[in-house]
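**Q** Please put together the full structure from these sequences, using the hints given.
Sequence positions in the sequence shown follow the numbering used here and run 211 to 428.
Check the hints yourself; a few may be wrong.
As the list claims (entries may be wrong) - Dumping the calculated BS3-like pairs for lysine-lysine here, alpha-carbon to alpha-carbon at most 25 Å: (1) Lys217 - Lys248; (2) Lys248 - Lys212; (3) Lys247 - Lys217; (4) Lys296 - Lys381; (5) Lys420 - Lys212; (6) Lys424 - Lys217; (7) Lys381 - Lys217; (8) Lys381 - Lys212; (9) Lys277 - Lys296; (10) Lys247 - Lys212; (11) Lys297 - Lys277; (12) Lys218 - Lys247; (13) Lys420 - Lys218; (14) Lys248 - Lys218; (15) Lys424 - Lys212; (16) Lys424 - Lys218; (17) Lys297 - Lys217.
No wet-lab data here; the hints were simulated from the structure.
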Amino acid sequence: MKVRIFKKATGDGYDLEVLHPRATVQDYLDAMNDFIKKYTHPPCRGCDECCWERIPLTSIDVLNYLKRLGNQLQLDSRWPLLDFLKKYCYIYVENGAVDISLGFTMEGACVFLNQQERICSGYAARSLVCQSFVCMESTPRAQELRSELVNTGMDELVRLWLLQSRQAGQKPYAHEEHNANLRLADYPANGFTHKTSYSQVYLAKVCSQKLWNKLRYS
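**A** Listed below in structure tokens is the structure:
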């Protein structure tokens, strides 16, 4: 076990600590999923409350959707990532800032929510935000870790969106934009770059030094 997630000694919440210097994002997600199975009662199945919230995406989230759901998504084989972002996501641009999240229905639900059965139709590829969500309070360091992972992964997704749009000879497609002023140089490589799975992304390469010091094992 490289990441330990545990209930707080007081109150209804959880905390975490990193037990190994080479712990990965997948180790974190595995620990989160085990914790959710153990402490979430009743099970999440049949509860869709979190499926009506904004669901930001990382580069690996999108690669997972393409890999695990690709055949049923009917995407352009030349530029599947760009096509997925256009058809299944919502890209918001304001000046040089970009926010990419899963798209939503007219009612405001995630595009992958089966509203009749109240379950996720894309569960096998669910995003980092979905896997790490639990209906329970968390400590500041647990919140910071989740936030830094999502933000760094989204920055890499934006970098890929800009880069592949340039390679395809297209203007970066956005569903909503205001005074767009986008530069690829503003989204440099980071700990997610060239990684295709969460098992390749080391927490130490993504976390700020300040947060890493908070998370480190004793």
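**Q** Determine for every hint whether it applies to the structure shown.
**A** We went through each hint and held it up to the structure:
Restraint check for Lys217 and Lys248: satisfied, since their Cα atoms lie roughly 11 Å apart, inside the 25 Å limit. Distance hint between Lys248 and Lys212 is fulfilled; the C-alpha atoms sit about 18 Å from each other, no more than 25 Å. At most 25 Å may separate the alpha-carbon atoms for a hinted pair to count; Lys247 and Lys217 meet this at roughly 13 Å. About 12 Å separates the Cα atoms of Lys296 and Lys381, which keeps this hinted pair within 25 Å; it holds.
Distance hint between Lys420 and Lys212 is fulfilled; the C-alpha atoms sit about 19 Å from each other, no more than 25 Å. For a cut-off of 25 Å, the pair hint linking Lys424 to Lys217 stands: about 17 Å separates their Cα positions. The suggested pairing of Lys381 with Lys217 is violated, with an alpha-carbon distance near 47 Å, which exceeds 25 Å. With a CA separation close to 42 Å, the supplied pair Lys381 and Lys212 exceeds the 25 Å bound.
For the hint pairing Lys277 with Lys296, the CA-to-CA distance comes to about 17 Å; that is within 25 Å, so the pair holds. Restraint check for Lys247 and Lys212: the C-alpha separation of about 18 Å stays at or below 25 Å, so the hint holds. Restraint check: the Cα-Cα separation between Lys297 and Lys277 comes to about 16 Å, which is no more than 25 Å; the hinted pair holds. The hinted pair formed by Lys218 and Lys247 meets the criterion: a straight-line CA distance of about 17 Å does not exceed 25 Å.
Simply put, Lys420 and Lys218 have alpha-carbon atoms about 22 Å apart, close enough for the 25 Å limit, and the pair holds. Between the alpha carbons of Lys248 and Lys218 the distance comes to roughly 14 Å, so the proposed pair stays at or under 25 Å and holds. Distance restraint check for Lys424 and Lys212: the Cα-Cα separation of roughly 15 Å lies within the 25 Å cut-off, and the hinted pair is therefore satisfied. Proximity of Lys424 to Lys218 is assessed by CA-CA distance (about 16 Å); at most 25 Å being required, the pair is judged to hold.
Restraint check for Lys297 and Lys217: the C-alpha separation of about 39 Å exceeds 25 Å, so the hint is violated.
In summary, the structure is inconsistent with hints 7, 8 and 17 from the numbered list given earlier, while agreeing with the others.
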